[in-house]
Every structure is written in structure tokens, then in C-alpha cells.
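**Student:** Given chain A's structure and the hints, the job is docking chain B with the ligands onto it.
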Amino acid sequence: MPVFVPASLEEAFAVLEGAPGAQLLAGGTDFMVEVNAGQRRPATVVALGAVPELKGWRLDGDEVVLGAGLTYTEMISPELAELVPGLAQAARTVGSPQIRNAGTLGGNIATASPAGDTLPMLMALGATMTLGRSDGGRRAVGLDELVVGPKRTTLQPGEVLLEVRVRAGAGRQEFLKVGTRNAMVIAVASAAVVVDFERRSVRVALGSVGPVVIRAEEVEREAAKLIDWDARRLVGPLEGSGDFGELVRTAARPIDDHRSTAAYRRHAAGVCVTRAFRRAFSSEESTAP
Amino acid sequence: MMQVKLRLNGEDRQLRCEPGDTLLRALRREGCFSVRYGSDTGETGAAAVLLDGRLVSADVLLAAQADGHEVTTLESLNVATGELHPIQAAFVETGALQGGYSAGAMVLAAKALLERSPEPTDAEIRDALSGILDRETGYAKVVEAVRRAATALRGEKPGPLDPPILEPIGLEAALAIRPPADSTPDAPLALPRMVLSPDVGHTAVVGKAEPKVEGLRLAKGNAAFADDIELRAMLHAKLLTSPYAHARIVAVDDSKARALSGVHEVLHHFNTPHVRYASGGQSWPNPYPYDQVSFDDKVRYVGDRVAAVAADTPETAEEACTLIDVTYEVLPAALSASEATGDGAPVIHDETDSVGIYDAARNLSHHIEGQTVSDEALEAAFASADHVFTQSFSVPAQQHTPIEPHAVVGWLDEDERLVLRSSTQVPFHLRRMVAPLVGREVKEIRVVKPRLGGGFGSKQEMVTEDVVGLLVLATRRPVSMVFNREQEFISSRTRHAQSLTFRTGVMSDGTLVAQDLTVLADTGAYGTHGFTVQSLTGARGLSSYNCPAKRYRCDVAYTNRPVAGAFRGYGAPQAFFALESHLDDVAAAIGLDPIELRRKNWVRTGDRLDIVPRLGERGGVEDVSEEDLPVVTSCGTERCVAEGVRAIGWQRRDDPSWRQPDDRPNIRRGIGLALCMQGSGIPFVDMGACSIKMNDDASFNLLAGAADLGTGADTIFAQIAAEVLGVRASDIIVLSGDTDVTPFDKGAYASSTTYISGMAVKRAAEAARARIVERAGRLLGIEEEWVELRDRRAWAPDGHSVPLEDIALNALHTEDQEQIMGIASHWSPDSPAPFGAQFAEVEVDVETGEVTVTKLVMAVDCGVPINPLTASGQVEGGMIQSLGYGLTEEIVLDGQGRPLNAAFGPYWIFRADDTPPTEVIFVQTMEHSGPFGAKSVGEIPIDGVAPAVRNAVRNATGVAIDTLPLTPERVWRALQGR
Ligand SMILES: Cc1cc2nc3c(=O)[nH]c(=O)nc-3n(C[C@H](O)[C@H](O)[C@H](O)COP(=O)(O)OP(=O)(O)OC[C@H]3O[C@@H](n4cnc5c(N)ncnc54)[C@H](O)[C@@H]3O)c2cc1C
Ligand code: FES
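First to last, the protein sequences are chains A and B.
Its first residue numbered 28, the first sequence is counted upward by one per residue in the numbering used here.
Its first residue numbered 763, the second sequence is counted upward by one per residue in the numbering used here.
Any given hint could turn out to be false.
[What the hints assert, rightly or not] Partial list, derived from the structure: chain B residues whose beta carbon lies under 7 Å from chain A:
#, residue
1, A810
2, L823
3, L1662
4, A1665
[As the list claims (entries may be wrong)] Some chain B residues judged to face chain A by a derived CB distance under 10 Å, without partners named:
#, residue
5, G782
6, R816
7, A825
8, N1246
9, V1654
10, N1663
[Said to hold, decoys possible] Chain B regions said to be covered by chain A (calculated; three or more residues, Cβ under 8 Å):
#, segment
11, 827 to 837
12, 887 to 897
13, 1726 to 1737
Derived from the structure by calculation, the hints contain no laboratory data.
Just so you know, even glycine gets a beta-carbon here, dropped at the ideal spot from N, CA and C.
Isolated chain A, as found in the complex:
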């Protein structure tokens, strides 16, 4: 298993062209677990850690451009947390300092785990991903077009996830998860809520309760009715006739596993969304869950 460490995107594409079937390695925190377990036996590895084009983030108009190689530790940095607070909240709940120092946004997306912690927030933010090929071809896709099943993406062989674009400072953003403990590697249920006061839109996404991240559009519509956009506050209670929890429970499509039953996951997703909304409208500055 030869390992290449290209120093530029061009070099990376050159290697990929010469070695079809080569596999991309970013932080390695998913990849190496599979290699060590004998579940992944790559013929060729292209380590992206030294590719400058994939690193860091920048502002482009009112959009933040996040490199695929952005680490969780970078997502938490105060400058970026100010622009995309929801992503910082999600990043804070990830694994441990070692994992946050090595693990990347691109790796989290490409792994396509239903429990991937950045995915609900990316969905709620309406992020677009840019994918590139060695022939210079680029395509921009939404999360639902890229991640199509557990561990399944529409990434083509030789294609590299380059960057992720989200709107800067898009309203109140909340991420919450319920697990066995506060800091959980795999959540039982998680939810991301973005309330965009400028665009007067609400987006809700659920993690760990289906094969992919689920956008809960019914919930969004119901929520929008409860918001006084001018006053930036909730006008109705979240409980009651159009009970939120119930809508979330309906939207979720979880399965039973050894950690919890589908019924409990549905319930937990409801609690997460309701609490995320409360927090989005509470006067206090939101903090990490």
C-alpha cells in the first residue's frame, strides 16, 4: 500500500490520475480505524494533509468558505465560531482533543455516518460542497445530493471534496445531542436548528435517527408559524396543538440498536429540537451543549 503525500492539489490530482482506485486520507481518524480493523485495504493512499488548497477557511462575500481539511479545533477558533457558531457547537462535542486536532470537515462528510456531528448543522445551514476532478471539472452539490446512505456518497473515483460554503452569521444556530454521556462519540439523537432572521427562514435537521441526516420540513413550517419575525421571539408555546415533539418524532426514521430503541431515539430527537428552539429564542448567548 504505497502512500503519497502530495504538496499541492495539482500534485494530488496527478497521483489520482496515475493510480485509479487510490483512496484519500485526511486526518485518518475514520480511515485508520478501518485499516487497523482490516476492514479497509487500500491499494494506494493519497494523504491530503500537506495540500495547502484544502486547509483553513476564508470569507468570500457573505459566504464562509471552509476547506475540506478544516479541523474541528479550527472550527472552534473564536474567529470562525463567530461566523458559524453552530458548526463550532457541533465541533465541540466531537470525540476528544486528539480527534478534534486531527479530524476534518471533509472526512466527516465523506465518511457519511448518520451520526456524523457536523452533518445536521451543514444541512440546516444549507451548505454547498464543491467537488473537483483532475480534469479541472468542478461541481457544487448540497448535502442531500452528496450523502445518500449510511457510509454512501456520490463522490466519484478520483473526485476530491475541496470546500464547503455556508452563509456567514446566518441567524441563531443551535446544535444539541443526547447520548449515553454528555460527550459522546456516537449520539443517540442530535438536532441542528438555524433560525435566520434576515431571510425569515427556519431550518431543522436531525442526526442519528435515520440512514442519513433528515431535514424536518414539516417541523420547519410549523415553527415558522410560531415566530414573530419582527420581535424575534416565539409567539406560541412549542407544546400544544401542533406539538413540535410529535412532528419531530414523525419525521425521524430511526432503527433499534443496542444503544437504544427507535422509540427512544424518536423521543430524544423531539427533545433536542424543542430545546434547540427554546435556546435559539432565549436571551442568553448560546453555549455548547
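**Tutor:** Frame of chain A, contents of chain B with the ligands only:
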């Protein structure tokens, strides 16, 4: 091969690596032994290093990813021989290193934190350490170490480390305290608080918070652990384990595996000896049943041994395992004790040559009975009770998860004797037990116990050593075998899962009149420790309270599940979860305060423990005379309860405004209590021995058979010897657990080491002291009985003195030469019980069912703690392990018996950032049969947290949950059913 260029600990280096090498592998090959294997998944943090100053996990990083970067390991701090960096020093002083297996990772995490944040908050410290799992300390001392290191690095002087002394409080006075609802508990302490006993005399070294004797070795990450040596031409062994819960092995074709280049040996049923044995490291003769062989023609659980390969590299060995063709005849499996003991269950041990199985046809490895009165008298007692309560409990298989997995390196020495350097708690038992399995005599085997990165009972089992021995003898090459994390979870041992039913007869005033405990235990595929663990469940379940009529009955069932064995607490945690939960509910049902009910009945000094001698396979009311019943010689229960009540703020549990905070409508708070006791060694059975010799400079070599597994045994041995000999603990050079070099010891289990082996040390030191004072008397010109040893001198009553060094030189070189030395053994007819009271304060989220423990307190009477620092480390670590038992830990299998959570993450153990503050209070009592008044402390802390938490949840919410662990879903469901 490829070249990786990096800067390693400040030096430019080019490492030759296989492209697939992890950084962990590459660094260890370079001699950076502080970077250690804990898992292949980045979950334990034992392999954490700094990459460009940032902590990363080297087990999930390719060496190639470090190309062009700067890598820092703990070794970078080791500049001067014998000296420590301030961070390392802080870790040693505070007792933050027990096993010390992850010392490198922790010190580096601290270094990275303190470089960016010189004055960190506790939350920052806990976050920085959160990716490094520690199964031993409970993290309190690790956090304190980082605080102290920060202080030292800022150039300030850290405060003293003397445990604060508490003014004792009586139980009535403690119960009368009405803490305000908003009172915040005292700041968490990394030091225990002490309640002194007037019966305890002055000592110079004993009772002091001495740093561990092996501190330097651990803090510097030196090659101290089993796998930290590499021998020339060493082979690596891997185990092939069963994919089926129950199957017969019809044939094994190893030709493809043997044909693989680099493979040296493949062992399996058809080419190895067939000797039945029991794997539990226990005294001769080992308890029945002998139901295992090294490689059987049957597999009895997913994870059971099928074959072993020795090859040039671990990867080759692993690949060879996949090339072994095994033909299985799959059999129906029984995946629970009730299934296995029901009609029509498959017979798990249908072989004819196993010895001592109680009833193989019914899948019963053992049956245990014991009662203090006849069945008729028991029923009469129940009939006389004002109330009778029956309640059933269920507790799961918990796994020990030492961060260092089972590891053995074996080789033939120059005399062709088999040497096993093993991560074991029982070096001497191991030598005796492995001999017949590898076809050698005991004298042809040497077992060496290096430092251990945790054991908790799992290493009281012979799990890998026979395989390594066979491979060494077959290949005549050194062989190393280290379990991977999944094997450590599944193929080592677990705690016995049990269902327990208590039937209790009680009078309206709370007096107990009858206790009947029935248990069905799951021993998994093999019966190792099945009898002794379950006997202790009976002993512990029926000893803490006086009651005129008691009965215990237990069936121990084979199942097609991972093997249960010894685990810290040894049957007691199961018993105490049931007993202490049950009594709380009984008290509530008859309208009594939970402390009141317990106080009415708890055993006191002078009471006799009547069930213990009556437990046996024969059962019935044994003819035991009153005088032969063990008597409680020291007991601090009431004082422990009083101290705990004060420390936890007990009375808030009755305050509605505290229990239901206004500003957090989804939260309910509660406080719970559980009492516990343990033993100190096995009476009449356990024996330890020690020898001591004096050197030219009045230092002493102390050789003990005992096996320090990170607990601090070697340190308290040094303290005990130093106290007797009038020197400093640092003047004692301790070597323990080497069967060629040290005297015998039964090993580290049953809470015996301080009480039994510690007494052997005291006696050996006294024997050496007798030689010293004789010579000192001569030199001082006085009668020897007037000589006093203190401050490394021998003193006459008139104030004249000679340095001990002069006495050593005199003895070794000048006059009537002799080696001043002492040797002694010790066993005891007693096993005095330590007693404890454990308290938990919880918050329950009634919407999600999540239970957050906000504080744990344990007040414990372990006699006189020889070293309050190491002893409190035992308590803190035990409490957190018990917290896991209560809230998160359980091996889960699917319908085919395959493990679903054999990894950290899905199997959650507490981390630095979710561990609650712990407070430890030592309530001294004087135990005259122990060394300097000591009883045991290693196991008792694991007994009471789970029931205390469960009782706190009931106090908070009113729901009683009788199944562990208290997962969010389980609590949520119970709340739904309310
Ligand atoms: C101990 C531990 C704890 C963890 N905790 C969490 C947690 O709490 N929450 C969570 O969500 N995850 C967690 N993870 C999973 C993992 O850390 C994250 O998914 C991480 O974001 C993966 O990123 P990486 O850079 O390490 O990816 P890698 O492991 O390097 O790669 C993962 C996958 O992505 C592909 N890939 C990477 N970069 C690109 C790219 N630019 N273009 C196309 N494909 C690419 C790779 O080919 C591979 O298939 C944990 C992992 C560990 C080991
Ligand atoms: S060093 Fe802490 S778990 Fe072993």
C-alpha cells in the same frame, strides 16, 4: 519500505517504515516506549503524542502523515538521569500515576495545555485530558497534578500535600445539620480528609503521603511494562477466535497459513496437548471445575480460542489467522443463564473429561448453599415478621478494561528455561498452573511481573500465557503477544452477570428477622472463579446486618457468553447493589428513614459474621460453633455514615426546593446512600513472604512475592519497612513478583496485599532490625533492647547515636562479618473487614432520562491507611469504576452471541470531563491484627456507588430501577411507567 523525515524530540530523523505503519508502531520501534498501545481506534489516548505541538492519537495516524512535521513524545522531557521535569514531578507527587501506562499521553496533554494556557481552569484541564482514558485514578489526582504543574511552571510554590484532618462529628449531630438548598459543596479535593483515631500511635513514615517508589520509572515513560522490551528475532503472536457462540471444530487446515512467508508456527486443537485446567489464578489445589484446554475441539462463545499464530510481524500473524481454514459444526447456543438452565437447552460442556462440574447436563458449573438456621426456622422467622418484602434485581457483565491489555513476552533463557514476562497479578500461581499446559516442570519456568497498567482481576487469570509458552517452545524464539482491544473486551474476562432476589422479613421498627437471598449467576463459557465469586455474593449480601435467620442459595450457570472471572469486588458489587437498593425500598415502604433502618441492624465491633463459614457446595446448616464464627474486630460504620452525611449535605434530599429547582423544570435532584464492607485477604489461605537485606549505605533491598498492579503496594512495603528500620521510604529498593528472585506470594487479589503481604514485610523488617540493634548495642555499648532506630541512625537513650551506614559497613566489612537480612512469611486466620459508606448526589433529566452524578462521597474505615495518597487513589478510581457499573457499562451481544459494543465509545467508561467530583474521607480505626493497624482498601470502593446512585435516582424521581446500568432509555421508560 519508505523514508519518513521528521523532527523527533528536537532531532531531525529519517525513519524507515512500511507504508502501512502507524506512527505508534514507528515511534515504539525508535525506542519511544512512552507511546503505548491501548486500542486501534484512537479511543484510549495511550498512544497520544504531539504533532507540531498538538495532541494527536498515534494509533490512528500513518507514520507517513508525520512526514515533514515535528513529533514530540514524553521522552523529550527526559534530559537528566534520575531527574524529573516539573510536570512529571507533579504527576508523581500527587499520586496521579497508578499503573502509569498512559503517563506519557497525560504529561504531553498537560504540556500542550499549559503552553497555551498557563493558568487553566479545572474545566480546561478536564477537557485537555478527556481523550486519555484512565481506569485507575478516577482523574481527581490527575487534574490536581496538572494544577500543581501549572503552579510550578509559573514559578510559584505549590502548596503542601498533607491530607486535612477533620474534627469528628457524631451521627446525631450530622443528621441534625440542615444545609441550605443552595449550599455548594466544598471544592473537590485531590487529597483525602482524615478522621483520626486516638488508638493510633505516632509513626514517621507510615501514614504519610509518600510518592510512589516507581514514580520516576512511570513518569518518564521508561520501558517498564511487559511489552516494552524487544528481543532479537522476536516473533509476534495473534489469536484466531471463534465467530460462533457454540460449535464443534471438525477440522483445521493450517496449510495456507503456514505457507505464508514469515509465519513460524500455527497452533490449534489438532497439534497441541489436551490438558484440562481452570484458568483462575488461585491457590493449590485450584477450585473446580477443570473445564478448559489450551485449544479445545469445541468453541463455547464468540471470542473463544481457535488457533494461534507466531510470525515475524503482527500484521503477518494477523493475515495468517485469516488463512486458517476451520470447519465448524455449528450448535445451538444458550445466551442467558435462564435459557441455559431451562428445558431443552444445549449442553455446553458435553465433554467427558472435564473434572468437577456440578451438573453438566443442566449447564450448572456450581451450586452454592448456606444458611444459619433450618428451612423450617427460616420460614417461622418470616411468619413472625410484621412485613415481608420480595424484590428482584439484575446486574450485567461489566468488563475490567485495563488500559494496558493482557500482554506477555516469553523466551528461553540461556539455560533453556521458559521465561514469561507477563502482565499478571499472580506470578507464582501462574508458574505452577502453566507448567502442565506447556509440559514443563515448575522449576523450568520463571515468571516475571513488570509494571502493570491495570488489572482489576482480569489479570488474575491465565488468559494468554499458556499460548505464548507453547509458541516459544515450538519455535524456540522469543514470542510477544498483546491482546487487541476487542479481544480484551470479549476474550479476557468479565464480571459475573447475576439475577438476585431478596426476601426480607422485617418488624415495623425496622428490625430484620429473616433474610433469604437467591441468585442465578452467569459464568459464561467456563466456570473459572464461579464458586468463589458467587460464595462471596452470599457472604457480602448477608453479613453487613445482624439478622437471626439467613439463607443463601445460588446456581451458577454456563452460557455461550464471554467468560466471567475475578473482578475487583469479587461478587460483592452484585450483592450490594441488590441489598442496599432493597433496604432503601424496604425503609420507604415501612416509613422509616433509610439510615435509621440500617442503623438498627448494622454489624458493630464484637458482632459475629454468621453466614461466611456456612457457605459451601454441601449447603445446609453447618455445624459451626459460635466461637468459630469470625468476629468484627474493628468497625467504623457509624462514624463513616456521620462523616458522609455531613460531606454530601444529606438533609437536602428532603428539601423540595432543592430537589426540584425552579429555573430548570426538567431537572430533579436526589441523594442516595449505600453501605458496604469487604474482607482483607482469604483467611487461612492467603500467604505472603518477603526478604530484606542491608547494603553498604544503609539502603535495603526488599524482595516481595506480591504483585503491585499499579495500586501502590510496593510503596507501602517501602513505608512499612522504613518505619521498622528507621530509614526513609526512598532508602528501600523494592523488587516484587519475580518467581526466580523473590519469595512466594499468593498474588494481588482478595484485598490481601496490604494486610497479608504488608505484615510479611513488617516481620521481615523486624528480623533485619533485630540484627541491626544487636550490632548497634555493641557499637554504642548498651543493651540492645535500649536501641532505637530513627532518622537513619541507631540511638542510645542518652542521645548518643551511630549512623546506620556505619553499622552496615561494620557488618559487611570489618567485624564478625554478616549480611544483615531478614525473611518472613505471613498468613492469617482473620480477614478483618473494612467498612464504608458511599453517597451520591444526582440530577435526573426527566425528559431524556439522563442521569448526571454531581458528587460522590465515600467515607471508609480501612483501619490505618499506610499511605493516604495511594489509598485515596484506590478509592477514587474504584468509585468511578462503580459509577460506570451503575450508569453505562455492560457487554451487549446480539442474537448470535456476537459482541455489539466491544470498543470504547459504545462501551462507555467515564472520562476526565464527565467524572463528577469525588470526596474521600478516611475514618481511622485500629486493626490490631494488621500491619500498623491497616485493613484493606483496594476493593471496597467498588461496592457502593451503583446502589447509591440508584437510590439517589429514586429520591429524585420516585422511580425504583432494579436493573443496571441506568441508561437514559431505561430511566426514561421507568419515568413513563410512573
Ligand atoms: C476516538 C474517536 C472519536 C470520534 N468522535 C466523533 C464524534 O464525536 N463525532 C463525529 O462526527 N465523528 C467522530 N469520530 C469520527 C471522525 O473523527 C470524524 O468523522 C472525522 O471528521 C473524520 O475526518 P478525518 O479527517 O479524520 O477523515 P479520514 O479518516 O482521513 O477520512 C474519512 C473518509 O473521508 C474521505 N475523505 C477525507 N477527505 C476527503 C476529501 N477531501 N475528499 C473526498 N474524500 C475525503 C476518506 O477517503 C475516508 O473515506 C471519531 C473518531 C474517533 C477515532
Ligand atoms: S495509567 Fe491510568 S488507566 Fe492505567
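**Student:** Which hint numbers does the structure go against, in order from smallest to largest?
**Tutor:** The structure breaks only hint 4.
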